[in-house]
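Trainee: The residues making up each chain are set out below.
Number of protein chains: 4
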Amino acid sequence: MGNTFILLIDCGDRTGLVHNITGVLFRNNLNIISNHEFVDRESERFFMRTEFAGDFQPDKLTAQLRTCLPENVNIRLAPNRKKNIVIMVSREHHCLGDLIMRHEYGRLNASVMAVISNHEHLRPLVEKFGLPYRYITHEKKTRAQHEAEILEAIGAYDPEYIVLAKYMRIFTADFVGRFHNRIINIHHSFLPAFVGANPYRQAFERGVKIIGATAHFVNGSLDEGPIIAQNVIPVDHTHSSEDMMEAGKDVEKIVLARALKLAFEDRIFVNGNKTIIFD
Amino acid sequence: MGNTFILLIDCGDRTGLVHNITGVLFRNNLNIISNHEFVDRESERFFMRTEFAGDFQPDKLTAQLRTCLPENVNIRLAPNRKKNIVIMVSREHHCLGDLIMRHEYGRLNASVMAVISNHEHLRPLVEKFGLPYRYITHEKKTRAQHEAEILEAIGAYDPEYIVLAKYMRIFTADFVGRFHNRIINIHHSFLPAFVGANPYRQAFERGVKIIGATAHFVNGSLDEGPIIAQNVIPVDHTHSSEDMMEAGKDVEKIVLARALKLAFEDRIFVNGNKTIIFD
Amino acid sequence: MGNTFILLIDCGDRTGLVHNITGVLFRNNLNIISNHEFVDRESERFFMRTEFAGDFQPDKLTAQLRTCLPENVNIRLAPNRKKNIVIMVSREHHCLGDLIMRHEYGRLNASVMAVISNHEHLRPLVEKFGLPYRYITHEKKTRAQHEAEILEAIGAYDPEYIVLAKYMRIFTADFVGRFHNRIINIHHSFLPAFVGANPYRQAFERGVKIIGATAHFVNGSLDEGPIIAQNVIPVDHTHSSEDMMEAGKDVEKIVLARALKLAFEDRIFVNGNKTIIFD
Amino acid sequence: MGNTFILLIDCGDRTGLVHNITGVLFRNNLNIISNHEFVDRESERFFMRTEFAGDFQPDKLTAQLRTCLPENVNIRLAPNRKKNIVIMVSREHHCLGDLIMRHEYGRLNASVMAVISNHEHLRPLVEKFGLPYRYITHEKKTRAQHEAEILEAIGAYDPEYIVLAKYMRIFTADFVGRFHNRIINIHHSFLPAFVGANPYRQAFERGVKIIGATAHFVNGSLDEGPIIAQNVIPVDHTHSSEDMMEAGKDVEKIVLARALKLAFEDRIFVNGNKTIIFD
Numbered sequence: 017m018g019n020t021f022i023l024l025i026d027c028g029d030r031t032g033l034v035h036n037i038t039g040v041l042f043r044n045n046l047n048i049i050s051n052h053e054f055v056d057r058e059s060e061r062f063f064m065r066t067e068f069a070g071d072f073q074p075d076k077l078t079a080q081l082r083t084c085l086p087e088n089v090n091i092r093l094a095p096n097r098k099k100n101i102v103i104m105v106s107r108e109h110h111c112l113g114d115l116i117m118r119h120e121y122g123r124l125n126a127s128v129m130a131v132i133s134n135h136e137h138l139r140p141l142v143e144k145f146g147l148p149y150r151y152i153t154h155e156k157k158t159r160a161q162h163e164a165e166i167l168e169a170i171g172a173y174d175p176e177y178i179v180l181a182k183y184m185r186i187f188t189a190d191f192v193g194r195f196h197n198r199i200i201n202i203h204h205s206f207l208p209a210f211v212g213a214n215p216y217r218q219a220f221e222r223g224v225k226i227i228g229a230t231a232h233f234v235n236g237s238l239d240e241g242p243i244i245a246q247n248v249i250p251v252d253h254t255h256s257s258e259d260m261m262e263a264g265k266d267v268e269k270i271v272l273a274r275a276l277k278l279a280f281e282d283r284i285f286v287n288g289n290k291t292i293i294f295d
Numbered sequence: 017m018g019n020t021f022i023l024l025i026d027c028g029d030r031t032g033l034v035h036n037i038t039g040v041l042f043r044n045n046l047n048i049i050s051n052h053e054f055v056d057r058e059s060e061r062f063f064m065r066t067e068f069a070g071d072f073q074p075d076k077l078t079a080q081l082r083t084c085l086p087e088n089v090n091i092r093l094a095p096n097r098k099k100n101i102v103i104m105v106s107r108e109h110h111c112l113g114d115l116i117m118r119h120e121y122g123r124l125n126a127s128v129m130a131v132i133s134n135h136e137h138l139r140p141l142v143e144k145f146g147l148p149y150r151y152i153t154h155e156k157k158t159r160a161q162h163e164a165e166i167l168e169a170i171g172a173y174d175p176e177y178i179v180l181a182k183y184m185r186i187f188t189a190d191f192v193g194r195f196h197n198r199i200i201n202i203h204h205s206f207l208p209a210f211v212g213a214n215p216y217r218q219a220f221e222r223g224v225k226i227i228g229a230t231a232h233f234v235n236g237s238l239d240e241g242p243i244i245a246q247n248v249i250p251v252d253h254t255h256s257s258e259d260m261m262e263a264g265k266d267v268e269k270i271v272l273a274r275a276l277k278l279a280f281e282d283r284i285f286v287n288g289n290k291t292i293i294f295d
Numbered sequence: 017m018g019n020t021f022i023l024l025i026d027c028g029d030r031t032g033l034v035h036n037i038t039g040v041l042f043r044n045n046l047n048i049i050s051n052h053e054f055v056d057r058e059s060e061r062f063f064m065r066t067e068f069a070g071d072f073q074p075d076k077l078t079a080q081l082r083t084c085l086p087e088n089v090n091i092r093l094a095p096n097r098k099k100n101i102v103i104m105v106s107r108e109h110h111c112l113g114d115l116i117m118r119h120e121y122g123r124l125n126a127s128v129m130a131v132i133s134n135h136e137h138l139r140p141l142v143e144k145f146g147l148p149y150r151y152i153t154h155e156k157k158t159r160a161q162h163e164a165e166i167l168e169a170i171g172a173y174d175p176e177y178i179v180l181a182k183y184m185r186i187f188t189a190d191f192v193g194r195f196h197n198r199i200i201n202i203h204h205s206f207l208p209a210f211v212g213a214n215p216y217r218q219a220f221e222r223g224v225k226i227i228g229a230t231a232h233f234v235n236g237s238l239d240e241g242p243i244i245a246q247n248v249i250p251v252d253h254t255h256s257s258e259d260m261m262e263a264g265k266d267v268e269k270i271v272l273a274r275a276l277k278l279a280f281e282d283r284i285f286v287n288g289n290k291t292i293i294f295d
Numbered sequence: 017m018g019n020t021f022i023l024l025i026d027c028g029d030r031t032g033l034v035h036n037i038t039g040v041l042f043r044n045n046l047n048i049i050s051n052h053e054f055v056d057r058e059s060e061r062f063f064m065r066t067e068f069a070g071d072f073q074p075d076k077l078t079a080q081l082r083t084c085l086p087e088n089v090n091i092r093l094a095p096n097r098k099k100n101i102v103i104m105v106s107r108e109h110h111c112l113g114d115l116i117m118r119h120e121y122g123r124l125n126a127s128v129m130a131v132i133s134n135h136e137h138l139r140p141l142v143e144k145f146g147l148p149y150r151y152i153t154h155e156k157k158t159r160a161q162h163e164a165e166i167l168e169a170i171g172a173y174d175p176e177y178i179v180l181a182k183y184m185r186i187f188t189a190d191f192v193g194r195f196h197n198r199i200i201n202i203h204h205s206f207l208p209a210f211v212g213a214n215p216y217r218q219a220f221e222r223g224v225k226i227i228g229a230t231a232h233f234v235n236g237s238l239d240e241g242p243i244i245a246q247n248v249i250p251v252d253h254t255h256s257s258e259d260m261m262e263a264g265k266d267v268e269k270i271v272l273a274r275a276l277k278l279a280f281e282d283r284i285f286v287n288g289n290k291t292i293i294f295d
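Chains as they are written, first to last, in the numbering used here: chain A, 17 to 295; chain B, 17 to 295; chain C, 17 to 295; chain D, 17 to 295.
Excised from the complex, chain A in its bound form (with noise of 0.2 angstroms):
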C-alpha cells in the first residue's frame, strides 16, 4: 500500500465536517487516496476514514483539524502499516493454521509476535514456522494467577491486537478492560444465536438449517461485544453436530481472517455495541 497514512475521526455530527477535514488535508498539499464518511442517526455521530499520502508533521495537523472539528471529536492518526499481534489458542488447529500460513507468505497483514496457549497441542505447528509458542496452562491455578501470567506474556510483546483464534476460556471483566476493543473473538456461531458452550451441538439440537460463525471485539460479557464480521453454510438432517463441528470450520476461518483484515486496515470504528466498516 506503499507509504499512505490513515486518518479516522469521530465527533457529533454537524454541517461543513468533511469540507473543514478534507480543506485541513488540501491545505497541507496531502492526496487523499479514499475517503468514507457515515452519519449514524441514532446516536448523531459522524464517522470518517481517509487514507491519505503526502508528507506532514502529525502533531501539527492533528492540531488543525482539532481547531475546525467539535471538542468532542476523535483523532486517530497513522501510518498504513502491519500490526503486532499475539495470537491465543486451546487446542483446535483450524484458526491458527490459516492465520500462520497467511502470515508465512505475507497475507496477514501483521506480524505475529508470539502464540500463547493454555495446551502444549499445537506447539509443534507454531515453532515448524518459526514463531513463539508460549505455554501456559491454568491447571492448578486461581483464575487472576492464570490471567497474571498470561497478561506478562503479552505484555512482553506489547501487541496492537490480541487474537483469540478458537481460545475456549472466558477472561474476566478486568483483563478484557486492558484492552478495549483490542480483542478479536471468532465464535462458532450465527451470534445471537447460541451463545456459550457447544453452540453446533445447541445448532443440531435445534435443527437449524444455517450454522454459521461470527468474528467479534470481546468485551466484558461473553459473545457479546461488537460484531466485525459474519458467515454461515446450509446445513441439513444428515450432518450430526461432529459434521456441522467439521463444516463450520471454514467457516470460522474464513470468517475470522476477514475480520482481522477489517481490522489491520483500520476499517473499523466501534459505536457502542456496533460496528461502523468502512470497506
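Don't take each hint at face value.
Because identical chains share one entry, a pair is satisfied inside a single copy or across any pair of copies.
[To be verified] With a straight-line cut-off of 20 angstroms between C-alpha atoms, the simulated SDA-like cross-links for lysine to any residue are:
hint, residue 1, residue 2
1, Lys-98, Ala-263
2, Lys-290, Glu-221
3, Lys-277, His-255
4, Lys-99, Ala-169
5, Lys-98, Gly-70
6, Lys-290, Met-261
7, Lys-144, Gly-122
8, Lys-144, Glu-120
9, Lys-144, Tyr-121
10, Lys-144, His-119
11, Lys-290, Asp-252
12, Lys-290, Glu-258
Calculated from the structure, these hints are not laboratory results.
We have chain A already, so just place chains B, C and D on it with the hints.
Mentor: Chains B, C and D alone, transformed into the frame defined by chain A:
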C-alpha cells in the same frame, strides 16, 4: 408430475427395510421414480420417501407393507397432487402477494381455498384474484372467541395446510394442537436468534451483519416448531431497522415459498422437533 | 426521504475535489445527508454521489460547482423522487408480477406508466392493477416496423427508464442508442456465462453447480452491457433444466428488483462497460 | 467411519434394481448404513451408492450382484478408507497450504504421497511438514519430455488421485487420458465464465459483481471437465483485479477442499460431462 404417488414410511431402524419395501412395490408392478432414505442415528429411526407410478389398491398395498415392517411404522400413501390450503395474514402484503402470484399462474402446487385476516387491509389484493377473503377481527373479543371464529371459518374449507403468511397474532396451544404439523409460519429472523416481536429491531440493536428468515411448523411454543427452511442476506451499519425490515421481506417471501414447495410435495418428515427433508 | 436532492458528479481526478464540492454545498447552507466518493485508478476518474437537503436554485448551484471542477465534469442534480418507467415483457409473469406487487404497495420507487408486450398473455394481470397494457405484436412486421411502433408507444409516456422484465426479443443498436443507460434487462444466467438463448438448458448441459441471474444496462450488443446486480443459487444433478428454470425465477425477480432500486435511487454511475454503485 | 465399505453401481435403469441390490446385501447379512439412488432421465441410467458394514468376500458379492443387474453395469466396491494422492502446484501457496494443514491434522481423508512442482517456490512449506517435494522444471524441455518426467515421478507413488492445487500448466490429452476422472483441478473462476488465463483480470474487465471458483475433473479440453463443486463471493467496483485475486483465494481453497472430500469419500459419479454427487 403425471399420475404418480408418494409413499412416506417411518419406523424403527432394522436391516432389510429398503429391500422389503421395494419388494412390495416390485411385486405390485409399481415403477419407482425416486427414492430417498435416511436413518436418524440418535433415535435409530428409519425414514423413506418413494415416488412411484402404476395401478394399485391403496388398502391392499398398505396392508402388504405392514406385514414386512415393524409395528411402530407410520405409512402415508397419497397421490402426488395439489394441496388445499388456507392462508392467514395480518397487514403485510409481501408474502401473500408472492403466494397469490404463484397461485395465479399454477406455480404454488396448491389451491388457495381462502385468505383469512384480522384486518381488512389486504382484501383488495385478494379479491382482484377472485379468492375468498374472510375478515375476522380480534377486536372486542376474547382470544377464545376469536379462535373459535377462525376455527369455524377454516373448518368450512377443510384445508390440508394453514399458511401463516405474516399473521402477527399468537395461537393457543389448543388451536395449534388441532393442526399438528399442518400450520406453517414464516418468522422474520434467523431462528433461534430474535424470537418474538420486532426481530429486525433486535437485529439492528445487536449490530448483526446478516439477517434472515425462518419457515417452520407451528407447535405449542412461540417460534419454536420444527424448522423447514432458512435463508439470510448481508446487512451493514448503513441499514436502519426499517432498511433491514424492507430488505428482509424478499428473504421472507422466498423462504416461505420454498418451505411450502417442500411441504406440498410431501418432502418433509417431522422427527421430534426437527425436520428431515428429502429434496 | 423527505425533500432531498441527489447530486452526481464525475470528472477527471485531481486533488481538492471533495473539499471544493462540499464547500459549494456548505456556503449555500445545504445539509449533506450522505456522501460517497470513488476514484477509478484505471481511468483516473472521480465519482461522487451526495444526498442533501435545503433550498437552492439549481442553475446557480450547478454554475458554482462548475467553476471549481475540471472542464470534463458531468453534473447531474435532481430531486430524490420516484421515476417514471415503462415495463416490457413477453410471456413470463414472475418478474412482472413481482414489480407490480411492489408498485401496488408503493415499494418500487417508480410509477409504472404502462406495460408493453409482444403477447396478450399478461394483459389480465396488468389490468387487474389498473395499469395500461399495450399489445404490440411482432408478427407480420419487419423489425424496423415493430420497433417504430414500440418507440411511438414509449414516446407517449416519456419514461426515464425502460425495464425489460423478461422481454425475449432483441433490439437494434439504433433503438438501444436512443435510451443510453436507461434500458435495464434481466438475463437469466450468471453473465458472462451462457449468453444468448436458453441459458438454463446451457447450464444443465454443462453440469454447473450454481445458476444465477444478471441485471444489466442494455447497449448495442446482446447481454453485454454494464452489469448492475447478480445473484446465484445452488443446483445439483437432480435438477432438470426445467427445475433450474423454475428455481431461477426467484433469483431473477429479486436481482431485477435490486437493480431497479439502485437505479431509481440514482446510485449507479456507468464507467465504460462497468458500473460504480454507491449503496 | 469404522470398518465400512462403499458400493457404487451404475447401469441402465429398469424396475427392481434397488430391491435386487439390497436383497444381495441383506442375504449376505450386510448392514446398510446409508443409501442413495438417482436415475438420470436423459440417459435413463441408474446410479446407486451404498455404504454398508459386515463381513463378506468381495469377488463373491460382486458376482452375486452381477447376476441380478443389467450387463452394462459398473460395480465398484471398496473399503471406506483414505486415498493416496499426489498434489501438483506451481507458485501459489493458498490451496496447497490449506490441504497440507488438513493433512497434518488428519482431516483430508487422504495420504499425501508427494508434492510435485515446476517451481522450487513451495519446497520450504512442504518440507516443514515432512512431505516429499519433487521439483520438475519445464524449462528447456519439450512438453513431451516434461510430461514423461512427471509421469515417472507420479508412477513411483501410484496415487488414486492427482490434485492440481493451482498447477498452472496444461497437460496433453495423452497425459490426461492416463488418469481418467482421477485428476481434480481448481479453476479460479465460476466456469464456464472466464475459461483460460487470468480469469480475475477477465472478471475485472467485464465488471461482474460476483466471482467464483470451480473444482472439476480434468479431461482432454482445458477447463471443460465435469464440475464437482463451485462457490462464489460478491465483489464490487472498489475491487481491483488484484483484490479479486486475493479475495478469490479463500473461495478457491474451500471449493477444492470440498471437492476432494466428495471424491475421497467416493461420493461422485461421472455421467458424461456431468457429475452426480451423493452427499
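Trainee: Decide, hint by hint, whether the structure agrees.
Mentor: Hints versus structure:
1. In this homomeric assembly, Lys-98 and Ala-263 come within 20 angstroms of each other (Cα to Cα) only across copies, at 19 angstroms, whereas the closest approach inside a single copy is 31 angstroms.
2. In this assembly of identical chains, Lys-290 and Glu-221 lie within 20 angstroms of each other by CA distance solely across copies; the values are 8 angstroms between and 29 angstroms within a copy.
3. When the C-alpha separation of Lys-277 and His-255 is checked against a cutoff of 20 angstroms, the pair qualifies only between copies, where the shortest distance is 15 angstroms, while the shortest distance within a copy is 31 angstroms.
4. With identical chains, the CA atoms of Lys-99 and Ala-169 are at most 20 angstroms apart within one copy only, with a shortest distance of 18 angstroms there and 43 angstroms across copies.
5. In the homo-oligomer, the alpha carbons of Lys-98 and Gly-70 lie at most 20 angstroms apart inside one protomer (19 angstroms), although the nearest pairing across protomers, at 43 angstroms, exceeds that limit.
6. Only between protomers do Lys-290 and Met-261 lie at most 20 angstroms apart by alpha-carbon distance; the minimum there is 18 angstroms, versus 27 angstroms within a single protomer.
7. For a Cα distance limit of 20 angstroms, the shortest separation of Lys-144 from Gly-122 qualifies both inside one copy, at 16 angstroms, and across copies, at 17 angstroms.
8. For the identical chains of this complex, Lys-144 and Glu-120 are neighbours both inside a copy (11 angstroms) and across copies (12 angstroms), given an alpha-carbon limit of 20 angstroms.
9. For the identical chains of this complex, Lys-144 and Tyr-121 are neighbours both inside a copy (14 angstroms) and across copies (14 angstroms), given an alpha-carbon limit of 20 angstroms.
10. Taking CA atoms no more than 20 angstroms apart as the test, Lys-144 paired with His-119 passes in both settings, with 13 angstroms inside one copy and 15 angstroms between copies.
11. Taking CA atoms no more than 20 angstroms apart as the test, Lys-290 paired with Asp-252 passes between copies only; the shortest distance there is 10 angstroms, against 31 angstroms inside one copy.
12. For the identical chains of this complex, Lys-290 and Glu-258 are inter-copy neighbours only, at 17 angstroms across copies versus 32 angstroms inside a copy, given an alpha-carbon limit of 20 angstroms.
The structure meets every hint from the earlier list without exception.
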